[in-house]
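Colleague: What follows is each chain in one-letter form.
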Amino acid sequence: MTTKDVLNELESDFAMLPTWEDRYQYIIDLGKALPALPEDDRKDENLVRGCQSRVWLVPSIVDGKIRLRADSDAIIVRGLVALVLKVYDNRTPEDILSSPVSEFDRLGLLQHLSPNRANGLASMVSNIARVAEIARAAEVHRTTSVPASDGSISTGSTTATTTTTTTTTTPAPSTSSDAQYPLPTRDAIIDALKTVYDPEIPIDIYDLGLIYEVRVSTDGTVHILMTLTTPNCPSAQQLPSEVEQAARSVPGVIDVTVEITFDPPWDKTMMSESALFQIGLF
Amino acid sequence: MTNETTISTGFDVDAIRQQFPILRQPVHGDRPLIYLDSAATSQKPQVVIDSLVDYYTTKNANVHRSAHYLSAAATNVYEDARKTVAAFIGAESPECIVFTKGTTEAINLVANTWGQANIGKGDAIIVTGMEHHANIVPWQMLCERVGAELRLLPVENDGTLALSFWDPLVEDGKVKLLAITHVSNTLGTINPVAALAARARKRGIVTVVDGAQAVAHVDVNMDLLGCDFYAFGAHKVYGPTGIGVLYGRRELLESMPPWQGGGAMISSVTWEKTTYNDVPIRFEAGTPHIEGAAGFAAALRWFVDLDHKALRRHEQEILRHMVDVISQIDGVRFIGTAPVRTAVVSFVVDGIHASDLGTLLDQHGIAVRTGHHCTMPLLERFGVPSTVRASVACHTTHEEVEAFGVALQHAVRMLR
Ligand SMILES: Cc1ncc(COP(=O)(O)O)c(C=O)c1O
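For the record, the sequence lines run as chains A and B. In terms of my numbering, the first sequence opens at residue -12 and continues consecutively. In terms of my numbering, the second sequence opens at residue 11 and continues consecutively.
Incorrect hints may appear among the rest.
[Claimed, not checked] Lysine to any residue pairs mimicking SDA-like chemistry, simulated, CA-CA at most 20 Å apart:
1. Lys131(B) <-> Lys69(B)
2. Lys111(B) <-> Ala96(B)
3. Lys30(A) <-> Pro395(B)
4. Lys93(B) <-> Val314(B)
5. Lys19(A) <-> Arg426(B)
6. Lys186(B) <-> Glu264(B)
7. Lys30(A) <-> Pro251(A)
8. Lys19(A) <-> His420(B)
9. Lys19(A) <-> Asn72(B)
10. Lys19(A) <-> Met424(B)
11. Lys186(B) <-> Asp133(B)
12. Lys212(B) <-> Glu181(B)
13. Lys30(A) <-> Gly393(B)
14. Lys30(A) <-> Val394(B)
15. Lys255(A) <-> Asp31(A)
16. Lys30(A) <-> Glu390(B)
17. Lys186(B) <-> Ala127(B)
18. Lys131(B) <-> Ala96(B)
Keep in mind that the hints were calculated from the coordinates and are not lab data.
Make a model of the complete structure from these sequences and hints.
Modeller: Structural data, given as structure tokens:
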């Protein structure tokens, strides 16, 4: 199933609902059927801005697909949330980005929503699109690159092109890099990550607690599991690529993969003591 | 029953309705509009709409500045409006009436002039627990600026003021100002403003009354109320948006420094020193909302011409009828059950979000307000995040209330 398939199905469902009562009852029933978010997830960090009633959205990226859980305290909005999840949950970033909120126009629904509601729906979908952008960016950065013969590190934009370059220009990349550098240490990676700063908080991302996991494999591949302060932060899109570049700059690193997760979502308690001290909370 | 009550009030609501063109306009395509949101803003009778067109068609110019014919006409419109407002609230003189953008700006004006000059570190301000944010936030901001303390006169379970708290609140002599709403926009409670203003006066406490919801529903007379400041806007008494007034006792207004600087509010400007104009112009910097004043005056003239005794009785009947139809709903809880009420009925329904009811009522063509009504501390006190609020106006009919009751039942059925 793709977003388009679901939208097509919904379109024919809605076509069979002639009156506003039918359409609203359909949405209300969807709202009643949506599983409730646990109390822990109904927190302010997960609130979608721009909604009149409260809407919580908890996105995550699993196996390259966007997973969504969401809830609202009002049942009609809950139904709209369920509709949005039907369309966008468990889809690839590309698929999500190909179906903007305007696709919902087809359901003949938006003109029945108050401007407030329509805005809320739009901001929920735009939050999802942002997560999809981040996931797509992270996907692109999950690339194989190797040290060029002069010892400097090349960063390919996609796996395919890098591999092609490699085979033609450096005959035996892995052995030469093994010879040049010892395996990078986890601490060296962390030191490099400490040079990256959150765009909105003057604290490096490691002290901020955005890095959940740093794994260095014996083949020189580094895997970083990280989160963002909020999925709703537009400026956060560049962070994964900065993280990837910082890790790559460590001698001995052959490849870097950056994985974004919002599970668990970041909160202030994840800051290191020095970070808390700097922002005056310690 | 419906017919009986209509007849018993002797109020010709059909004749009134004829004067509101917007009430003839269907919504959502084909549904007759039932407008129960006059507490947010009232609809405008034809005479008010005409007054705006007439102003721009025949009198438009700037006021207080030029010597030409139209400027004199515009100035007359504007200053006549001031007289009309003064007469409407029984102010001692038109000079006690300062035009503002509305209630909010009027209260901010007091906070930034009288408040800034007379309230300092260690002083205290009392606000009641049922104030609109417009009568809370300016005082919080003032307290923060000058280091004063904000004290709360709490609300009882039925939505009346807990007057037994008055004495302990003022005992230490630190209170300089009381900010109180005349009629609560969420509960409908009519507060005993005259009694409290008298108690305040005895202790040298200045009383600022938020009259936004009162003017369309209760008789407002400065002499009888005995308050120092009274703020209200035109748009909730059938006048245009964007204009309102601050009434202030003359000696207080005269003692107050200006707030906003600019044209009109000065008497002379040199690089060394500017002297300020007399009240009330001192507080009206810049070109005012002249056509708003024209519409305001037209609205008040139209409104005072109604049979007020019959109008009050009609509105009380309508409110009682509303309470009746809402009471039919299972699990309903009224927020605000004070014995003396007007203007609005607020309620919540067990297990149903107010905004869901609002959305479905809207589909029936019924306009109500849902939310916190800019009274978040008050709703917190009642333990609800939002309510449905239905307002009464001079044009509300018993048929509309019946239709509202049916739609409400229908909405609750869909949501349960
Ligand atoms: C009691 C009360 N005070 C103040 C206001 C604020 O009025 P305005 O927004 O017209 O300045 C309102 C209207 O919403 C109100 O109901």
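Colleague: It remains to establish, for every hint, whether it holds in the given structure.
Modeller: Each hint tested on the structure:
Of the supplied pair hints, the one linking Lys131(B) and Lys69(B) is violated, its CA atoms being roughly 49 Å apart against a limit of 20 Å. A hinted pair counts as satisfied when its Cα atoms are at most 20 Å apart, and Lys111(B) with Ala96(B) qualifies at roughly 17 Å. For the suggested pair Lys30(A) and Pro395(B), the alpha carbons sit about 16 Å apart, so the restraint of at most 20 Å is met. As the CA atoms of Lys93(B) and Val314(B) are separated by approximately 14 Å, the hinted pair is consistent with the 20 Å bound.
For the proposed pair Lys19(A) and Arg426(B), the alpha carbon gap of about 9 Å is at most 20 Å, so the pair holds. Restraint check for Lys186(B) and Glu264(B): the C-alpha separation of about 18 Å stays at or below 20 Å, so the hint holds. Straight-line distance between C-alpha atoms of Lys30(A) and Pro251(A) comes to about 13 Å, which keeps the hinted pair within the 20 Å bound. With a CA separation close to 17 Å, the supplied pair Lys19(A) and His420(B) stays within the 20 Å bound.
Proposed proximity of Lys19(A) and Asn72(B) is contradicted: the alpha carbons are some 59 Å apart, above 20 Å. Distance hint between Lys19(A) and Met424(B) is fulfilled; the C-alpha atoms sit about 11 Å from each other, no more than 20 Å. Annotation: proposed proximity of Lys186(B) to Asp133(B) holds, straight-line Cα distance about 7 Å (limit 20 Å). With a CA separation close to 12 Å, the supplied pair Lys212(B) and Glu181(B) stays within the 20 Å bound.
This hinted pair checks out: Lys30(A) and Gly393(B) have alpha carbons roughly 19 Å apart, not beyond 20 Å. Between Lys30(A) and Val394(B) the CA atoms are separated by roughly 18 Å; this keeps the pair inside 20 Å, and the hint holds. Pair hint Lys255(A) plus Asp31(A) holds up; C-alpha atoms about 12 Å apart against a cutoff of 20 Å. Taking the CA atoms of Lys30(A) and Glu390(B), the gap is near 18 Å; set against the 20 Å cutoff, the hint holds.
At roughly 12 Å between alpha-carbon atoms, Lys186(B) and Ala127(B) fall within 20 Å of each other, so this suggested pair holds. Restraint check for Lys131(B) and Ala96(B): the C-alpha separation of about 35 Å exceeds 20 Å, so the hint is violated.
When held up to the earlier numbered hints, the structure conflicts with 1, 9 and 18 and fits the remainder.
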